[in-house]
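**Student:** Each protein sequence line maps, in turn, to chains E and F.
Numbering follows my numbering, with no gaps: position 162 of the first sequence is 162.
Numbers in my numbering are just positions in the second sequence, counted from 1, shifted up by 261.
Misleading hints may appear alongside valid ones.
Said to hold, decoys possible - Partial selection, computed: residues in chain F whose CB lies under 10 Å from chain E: (1) Val291; (2) Ala418; (3) Asp425; (4) Ile426; (5) Glu474; (6) Tyr496.
To be clear, the hints were calculated from the coordinates, so they are not data collected in a lab.
Glycine included, each C-beta is placed from N, C-alpha and C at the ideal position.
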Amino acid sequence: MKLICAKGLSVHRGKAAVLKNVTLDIASGEIVTVVGPNGSGKSTLLRALIGATEIAKGEVTRKPGLRIGYVPQKLHIDPTLPMSVARFLSLPCKVSPQQTQEALAQAGASTLGARQMADLSGGQFQRVLLARALLGNPELLILDEATQGLDQPGSAAFYQQIETLRSTLGCAVLMVSHELHVVMAASDRVICLNGHVCCEGTPEVVASAPEYRALFGSGTQGALALYRHDHDHHHHAHDHGHTHTHKHVPDHNHPHEHEDA
Amino acid sequence: MSLLDSFFIRAALAGLGVALAAAPLGCFVVWRRMAYFGEATAHASILGIALSLSFGTSIFAGVLALALLMGWAVSALSGRGYAMDTLLGVMAHSALAVGLVTVSLLQGVRIDLMAYLFGDILAVSRFDLAIIWGGAALVMALLWWRWSALLTATLSADLAYAADINPRREQMVLTIALALVVAVAIKVVGVLLIAALLIIPAAAARPFANTPERMALIAAGIGAFCAIGGLQLAYLYDTPTGPTIVCLGAACFAGASLLNLLRQR
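All chains should be modelled from the sequences, with the hints used to inform the complete structure.
**Tutor:** Here you go:
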C-alpha cells in the first residue's frame, strides 16, 4: 500500500523550474531519504507533497485520510508571540495533557512542557517540533533537514530517535538531509535529487552511482567508505549510466564544495 | 430615562466595544508584524468618508468598503518585487492624501475633518453604539471561530498547509476583521489613532503572557481600562478624548516595560 505518490511532478519558481518530472512513492513503514546539493529542490519536493506549493505539472496522490506529521526546516517564532511548549503542541488541534506528555517523551523532550518556545536550544526546539508531528499519530513523518544546527552527536541521537519511532509506531519516514553519512546508514532507500531524480535505490546502490559521485564527489571524508567497495573513483571509467553523467558534470565541477554540506 | 440617555455612558460603552475587539486583533497585528497594515487600512478610510459623503451613503459602509479594498490591494500586490513596508508606505500615504484632496473638492458639504481624524466619542448616538457593538461582536466571533487556524498560519505557512489550513484564507479573515475594526473605531479614536488602539494594548500585555490566549485576554483588559480611564481623564481635564485614551495606553506600555525590566534584573 503506497502512502503517497508523486507522478511527473514539476514545480516552477518564477520562470525557472525547481523540480522537473519527479516521480516517487512512499510505502508504509519505510525510511526514505532525499539527498542533493543546495538548490536541488529537496525542500520544494517536500512542500509539494504536503500541498504547500503550487504544482506546475504532474500530480500528487495521497492515500485517502493519510495522516502526515511534518517537521519544517526552520521555524521562526516572533519574540512578540508568547508560546509555551505545551500550547504549541496543541496547535491546531487540541490535545490532552497526557497526550502532550506522551509525545514529548517519544521525542525525547519530556521535561520541556512548561518552557517557552523562545527559550529552547536548537536541539530542544527540533525535538519539540518532532513531538508536535507525532501527536496526530502519523502514518507518514516528513522531516525537512530536521537536524539543522545540531552538532554531530546531537543529530546522531536525533536520527536514532527517528529509527526507534519507526519501529515502535510503524510510521513511514520521508526526510531531507545534508548529513550523508548518518542518513545513508539509517535509510531503507535514498533518492538523489538535483532538480530531477538522478538516481535512487538502497544506500549502497546510490552511493556507488556515478550520478551521486558527480554531485557529492567520491572522497566524502571516509564517511561513505562503507559504501565505496570496489568501485572506481572516476565515474567516467564506469560504463553504467555513462551518458547521464555527462549531462550533469558541467553543472557541478566543484563536487568538493558539497562534501560537508 | 434609560442609562443610554447619558452621553457619557454611551461614550464609555463605545470605547469599551472597540477596545475589546481591537485588542485581540491587535495581538495578531503585532505577531505578524502588520502594524503598518492597520495604518494603511485606517488611512484609506478617509477616502471612504469622502466618497460616502459625496454619494450620500452611510459613512460606516463607505469606510468598510475602502478598508476592505485596501486590504485586498495590499494582499494582491505583496510579494511582487516590493518589500511589504514600502508597499504599505506607498498605499497608506497615497490613500490619506487622495482622501484629503477629495474632501476639499466636495462642494457644499460641510465636514468636520477633525472629528474624523481624531474621533468624536462624546457624540456617539444610540445608532452608532449599535453599529460599534455589532461590528465588535462580529470581529470577536470571527477571531473565536478561526483562532487555532489563525495561530497556526501565523506560526508558519507550511505548518498550516500540512494541517490542511490555507494560510491565504486566514490572511483574508484578518483583513476583514481589520476593516471592520477600523470602520467602527473611527468615531471613537479617529483615523490617525486607530492603529494605536490595536498595537499598544497588545504590546503592553506581552511581558505578562506565556500563551497567546493569555496575551489576548490581558490586552483586552488593558484596552478596556484605557478606553474607560481615558474617557474619564478627558472629561476631568477637558482634553481631546481619543488622544487621551491613547496616552493612557502609552503609559500602560511604559509601566509594563518598566516592570518587565525590574523583574529581569
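**Student:** If a hint holds in the structure, say so; if it does not, say that too.
**Tutor:** Here's how the hints hold up against the structure:
Because the closest C-beta pair between Val291(F) and chain E is about 5 Å apart, less than 10 Å, the hint holds. Checking Ala418(F) against chain E: minimum C-beta separation of about 7 Å stays under 10 Å; hint holds. A cut of 10 Å between beta carbons decides the hint on Asp425(F): the least distance to chain E is about 8 Å, and the hint holds. At a threshold of 10 Å, the smallest CB-CB gap from Ile426(F) to chain E is about 6 Å, leaving the interface hint in force.
Proximity of Glu474(F) to chain E holds as hinted, the smallest CB-CB distance being about 8 Å (cut-off 10 Å). The beta carbon of Tyr496(F) is not positioned within 10 Å of any beta carbon in chain E (closest approach about 33 Å), and the interface hint is therefore violated.
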